[in-house]
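**Q** Protein chains in written order, with numbering that gives the first Met the number 0: chain X, 0 to 136; chain A, 0 to 136; chain B, 0 to 136.
Be aware that one or more of the hints could be misleading.
In this list, chains with the same sequence are indistinguishable; a pair is considered to hold if it fits within one copy or across any two.
Capping the alpha-carbon separation at 25 Å, the derived lysine-lysine pairs in DSS-like fashion look like this [claimed, not checked]:
1. K24 <-> K3
2. K3 <-> K46
3. K23 <-> K46
4. K46 <-> K126
5. K46 <-> K24
6. K3 <-> K23
7. K23 <-> K126
8. K24 <-> K126
It is worth saying that the hints were derived from the structure and are not from the lab.
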Amino acid sequence: MELKPGRFFLIRVPSGSELISYIKKCAEDLGISVGIFWLIGSFRRAKIGFFMEEEGSYRTIDVNEFTEVINASGNISSIDGEPFIHAHVALGRMDGSCIGGHLIEGEVFIVEVWIQELIGGGLKRVKEGSLYLWPLE
Amino acid sequence: MELKPGRFFLIRVPSGSELISYIKKCAEDLGISVGIFWLIGSFRRAKIGFFMEEEGSYRTIDVNEFTEVINASGNISSIDGEPFIHAHVALGRMDGSCIGGHLIEGEVFIVEVWIQELIGGGLKRVKEGSLYLWPLE
Amino acid sequence: MELKPGRFFLIRVPSGSELISYIKKCAEDLGISVGIFWLIGSFRRAKIGFFMEEEGSYRTIDVNEFTEVINASGNISSIDGEPFIHAHVALGRMDGSCIGGHLIEGEVFIVEVWIQELIGGGLKRVKEGSLYLWPLE
Chain X
0 MELKPGRFFL IRVPSGSELI SYIKKCAEDL GISVGIFWLI GSFRRAKIGF
50 FMEEEGSYRT IDVNEFTEVI NASGNISSID GEPFIHAHVA LGRMDGSCIG
100 GHLIEGEVFI VEVWIQELIG GGLKRVKEGS LYLWPLE
Chain A
0 MELKPGRFFL IRVPSGSELI SYIKKCAEDL GISVGIFWLI GSFRRAKIGF
50 FMEEEGSYRT IDVNEFTEVI NASGNISSID GEPFIHAHVA LGRMDGSCIG
100 GHLIEGEVFI VEVWIQELIG GGLKRVKEGS LYLWPLE
Chain B
0 MELKPGRFFL IRVPSGSELI SYIKKCAEDL GISVGIFWLI GSFRRAKIGF
50 FMEEEGSYRT IDVNEFTEVI NASGNISSID GEPFIHAHVA LGRMDGSCIG
100 GHLIEGEVFI VEVWIQELIG GGLKRVKEGS LYLWPLE
């Protein structure tokens, strides 16, 4: 799907925010219905997921420690008219070792995010099996 | 090299595709000769490489398991007039541990990719030692 | 903060360069005061940091081996009128295992970087506790 760049935002996420809900609120407040984003920073704790294809559900991994957010990136689309934030993340521990996957939630210490709005078309996720996916073209 | 943004695409890659050849085919079909891309998703299996400077070749690592694609990013340039896809990838295993490097191939379960075409100049890779590289400026 | 895209650059970083100072020099030479960047490549060695919240300082990890730069991304802002490069990095070792965090320095073997300049506003970091941060909005 071809889209056009809309507005561009650089945002520092306040300490203590939960990242996914914060980006969702940004999308709602700024009226972004489609977009992509990237971020770096650090988390006080996080929850990540690994998709279990046979079960059709995510295995959850709790990261109960301070980590560097090496990167997270993802996209803003919609499910049933509401913004949906899909992000994956790589986290670095104190010894530099990495843990990562689908980002379920992250408690922000410091996060710097850049968001590119995309205009000229909607991007709706529709249920396919146990996942909400974009249409294939 | 200064370039200008061209078209922008958000694409869901069909399950079962091999990712690098799929992006190459996108570049050919859409007529993208220079571009950059990012993606998240999951792979059923993958093959990554680690460059051995002394040997001048890649050591290959087979990832024969389902992984979350934490991120992959790269660029579209050309070698001998044909699109060349250079991508690196970080993969997350079931326990959240990460494996990554140069992406040789990945069998897609689900991948969401965004591609920014760049116009106003070609980007040709030329052989230097054992690698195909962009010119230094 | 809403900004507008300015110029866009694709740059191959010369072998042997220290990456952070190279990007800083690019920002100075090209007159980029705000921007974002992404890169892939490989390092001959690197130094990464993990922020110790209680100490208010970075623990340093020396990566004294050749690694694939799986990705690094970050932003260009300023401290006291001088460009400041904030980047995080994920590195892949010979066995594919990953190490990552805040990028302090990296000795380039090959790096391909893309830089998006952002215009229409300054982005100044101001000291908050022991860190230099963007203003909250």
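**Q** Does the structure break any of the earlier hints, and which numbers would those be?
**A** Result: hint 2 breaks, nothing else.
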